[in-house]
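Q: So for the sequence shown, my numbering puts the first residue at 73; every next one is plus one.
Be a bit skeptical, because a hint or two may be false.
As the list claims (entries may be wrong) - Cβ pair distances, simulated, as ranges: (1) Ile99 with Gly235: 44 to 50 Å; (2) His104 with Leu213: 26 to 32 Å; (3) Glu278 with Tyr248: 31 to 37 Å; (4) Val103 with Gln308: 18 to 24 Å.
Derived by calculation from the structure, the hints in this document are not laboratory data.
By construction, the Cβ of each residue, glycine as well, lies at the ideal position given by its N, Cα and C atoms.
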Amino acid sequence: MPEVHTRREWIMHPLPRHLVLTGPELIQAFVHRKNHDSDMIDGAIRRLNQMDATIFSSGHPARWRHFLESDFAMNSLAGYNPELILTVYNQFVNVDYSVPSCQMLIIPVLVDTIWCAYMFDTYFSELHILDPAHSTERYKLHQQLHPILDDSLRKCLTSFYQGWSLEPLDQWKLKYPQLEPVFNSDDCGTIMLHYARNYNGMYLDEPLNEENIAHAGHSLMLEILYLEGNTAALPQAVAEIFRS
Numbered sequence: 073m074p075e076v077h078t079r080r081e082w083i084m085h086p087l088p089r090h091l092v093l094t095g096p097e098l099i100q101a102f103v104h105r106k107n108h109d110s111d112m113i114d115g116a117i118r119r120l121n122q123m124d125a126t127i128f129s130s131g132h133p134a135r136w137r138h139f140l141e142s143d144f145a146m147n148s149l150a151g152y153n154p155e156l157i158l159t160v161y162n163q164f165v166n167v168d169y170s171v172p173s174c175q176m177l178i179i180p181v182l183v184d185t186i187w188c189a190y191m192f193d194t195y196f197s198e199l200h201i202l203d204p205a206h207s208t209e210r211y212k213l214h215q216q217l218h219p220i221l222d223d224s225l226r227k228c229l230t231s232f233y234q235g236w237s238l239e240p241l242d243q244w245k246l247k248y249p250q251l252e253p254v255f256n257s258d259d260c261g262t263i264m265l266h267y268a269r270n271y272n273g274m275y276l277d278e279p280l281n282e283e284n285i286a287h288a289g290h291s292l293m294l295e296i297l298y299l300e301g302n303t304a305a306l307p308q309a310v311a312e313i314f315r316s
């Protein structure tokens with residue numbers, strides 16, 4: 073594919089914040105398996121939110137889980153108030169299903185250069201921390217971070233919804249399952265997204281290993297290109313692949 077085509081914007085998406093991804097950025101992250109920055113993670117998170125099935129409970133649209141984007145954790149850990157930030161508000165309120173009905177709230181968190189997924193199970197008061205670089209030392213770090221994210225999450229729930237609250241923090245169970253290890257720190261973005269997509273609260277519905285991690289990255293990139301609401305025009309060569 074000519075370089076001029078790869079350097080153009082492949083993704084332009086307005087909400088919950090304006091997001092632009094170029095061809096080289098996508099290829100670098102999901103083909104060459106490097107540089108999963110927050111924009112790349114959020115592009116994938118948006119598509120995962122779109123892919124989940126919506127059911128109707130008591131006449132209202134509902135889902136099993138809801139993904140938040142990376143700025144929630146970044147602002148929380150930086151000491152800001154995410155409940156006052158418009159892009160965070162958009163993630164909770166400007167969706168077409170009932171977030172309070174979701175059992176799982178999933179948050180991508182960059183912990184010491186490694187992307188992790190924090191999964192808050194609001195039904196069973198369990199926090200599952202999915203860490204590609206699972207270790208005893210990192211568990212100690214998560215113990216310091218998760219109360220901050222928990223506090224921010226509670227502030228958002230109180231600000232955005234009436235009557236939705238969580239059990240007190242000391243009644244929650246912290247779970248740190250050891251899943252497949254990280255094979256290379258550059259893979260942590262792909263691994264975390266695979267965890268977030270496939271972990272059902274007990275195990276991975278689709279195991280990840282050294283043989284299929286490249287395929288997992290390619291699959292994520294393809295899904296991002298299917299992002300509904302993308303206003304960018306894909307290069308003709310890429311668009312033809314979608315039509316075939």
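Q: All the hints need checking, so say for each whether the structure fits it.
A: Against the structure, the hints:
no.: 1; hint: Ile99 with Gly235: 44 to 50 Å; in the structure: 46 Å, holds
no.: 2; hint: His104 with Leu213: 26 to 32 Å; in the structure: 28 Å, holds
no.: 3; hint: Glu278 with Tyr248: 31 to 37 Å; in the structure: 21 Å, violated
no.: 4; hint: Val103 with Gln308: 18 to 24 Å; in the structure: 19 Å, holds
The structure fails hint 3 only (numbered hints given earlier).
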